[in-house]
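These protein sequence lines map, in sequence, to chains X and W. Count along the first sequence from 1, then add 6; that gives the number in this note's numbering. Count along the second sequence from 1, then add 433; that gives the number in this note's numbering.
A portion of the hints provided could be inaccurate.
Straight-line distance between alpha carbons at most 30 Å, and here's what the computed DSSO-like set of lysine-lysine pairs gives [what the hints assert, rightly or not]:
{"id": "1", "chain 1": "W", "residue 1": "K493", "chain 2": "X", "residue 2": "K20"}
{"id": "2", "chain 1": "W", "residue 1": "K482", "chain 2": "W", "residue 2": "K493"}
{"id": "3", "chain 1": "X", "residue 1": "K48", "chain 2": "W", "residue 2": "K501"}
{"id": "4", "chain 1": "X", "residue 1": "K72", "chain 2": "X", "residue 2": "K26"}
{"id": "5", "chain 1": "W", "residue 1": "K501", "chain 2": "X", "residue 2": "K47"}
{"id": "6", "chain 1": "X", "residue 1": "K70", "chain 2": "X", "residue 2": "K20"}
{"id": "7", "chain 1": "W", "residue 1": "K493", "chain 2": "X", "residue 2": "K48"}
{"id": "8", "chain 1": "X", "residue 1": "K47", "chain 2": "X", "residue 2": "K72"}
{"id": "9", "chain 1": "X", "residue 1": "K48", "chain 2": "W", "residue 2": "K485"}
{"id": "10", "chain 1": "X", "residue 1": "K72", "chain 2": "W", "residue 2": "K501"}
These are calculated hints, taken from the structure and not from any lab test.
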Amino acid sequence: GAVVSQHPSRVICKSGTSVKIECRSLDFQATTMFWYRQFPKKSLMLMATSNEGSKATYEQGVEKDKFLINHASLTLSTLTVTSAHPEDSSFYICSARDQRRDSYNEQFFGPGTRLTVL
Amino acid sequence: GNSVTQMEGPVTLSEEAFLTINCTYTATGYPSLFWYVQYPGEGLQLLLKATKADDKGSNKGFEATYRKETTSFHLEKGSVQVSDSAVYFCARTATGRRALTFGSGTRLQVQP
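Start from the sequences, fold in the hints, and give me the full structure.
Written out as structure tokens, the structure is:
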């Protein structure tokens, strides 16, 4: 149980286009999902917290108009990178919390999406 | 604040050697502590966790003990294998928040 999927696994796009990344909890309901960004050989940096049915909470320095997050259901959150530029190239990882296991604050991670902007 | 510090890598060991990866955290609140592992080309997987002081998390031969007095959660394994080669991340829950704060990651390379 507690499987999180991401789609696509990798995407290459031209500068100026928008890219949507999906994060799904496959066998549990996730009231909260998180979006992280991982730079090469670096740690994960939290971008935003996605709450089902409400607006996402963005970390300081993350442009909410550039990284649009929608959490329309208990099993799906999407991250849209708008007007992508080469500096947006990165590995984007989502995670989800299983509300049934809330006491441990455990998060389950998706396999990540590698975005390359040409 | 909420921060996690772990030893820089890469750590290179021979097969069957003893492994220690140090991790310390800032002593704010009562965090849960985690070790995640990221194998090449894959996403993060939870390796083990501990939710309160003196708890010991263990999985696949790896162990880590929640030490409140030293604010540490060092990862250990008695005999590493080539298949353990990966990047290991120490993490804690952030005080008052649901997100995790990660250490910078430590790359482990095990040679046959």
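Comparing the hints with the structure gives:
1. Note on W:K493 and X:K20: the hinted pairing is violated, with a Cα-Cα distance of about 43 Å set against a maximum of 30 Å.
2. Restraint check for W:K482 and W:K493: the C-alpha separation of about 13 Å stays at or below 30 Å, so the hint holds.
3. Between the alpha carbons of X:K48 and W:K501 the distance comes to roughly 27 Å, so the proposed pair stays at or under 30 Å and holds.
4. A hinted pair counts as satisfied when its Cα atoms are at most 30 Å apart, and X:K72 with X:K26 qualifies at roughly 12 Å.
5. Our distance criterion of 30 Å between C-alpha atoms is met by W:K501 and X:K47, whose separation comes to about 29 Å.
6. At roughly 21 Å between alpha-carbon atoms, X:K70 and X:K20 fall within 30 Å of each other, so this suggested pair holds.
7. Annotation: proposed proximity of W:K493 to X:K48 holds, straight-line Cα distance about 25 Å (limit 30 Å).
8. At most 30 Å may separate the alpha-carbon atoms for a hinted pair to count; X:K47 and X:K72 meet this at roughly 24 Å.
9. Proposed proximity of X:K48 and W:K485 is supported: the alpha carbons are some 28 Å apart, at most 30 Å.
10. Of the pairs offered as hints, the one joining X:K72 and W:K501 is violated, with about 40 Å between alpha carbons and a cut-off of 30 Å exceeded.
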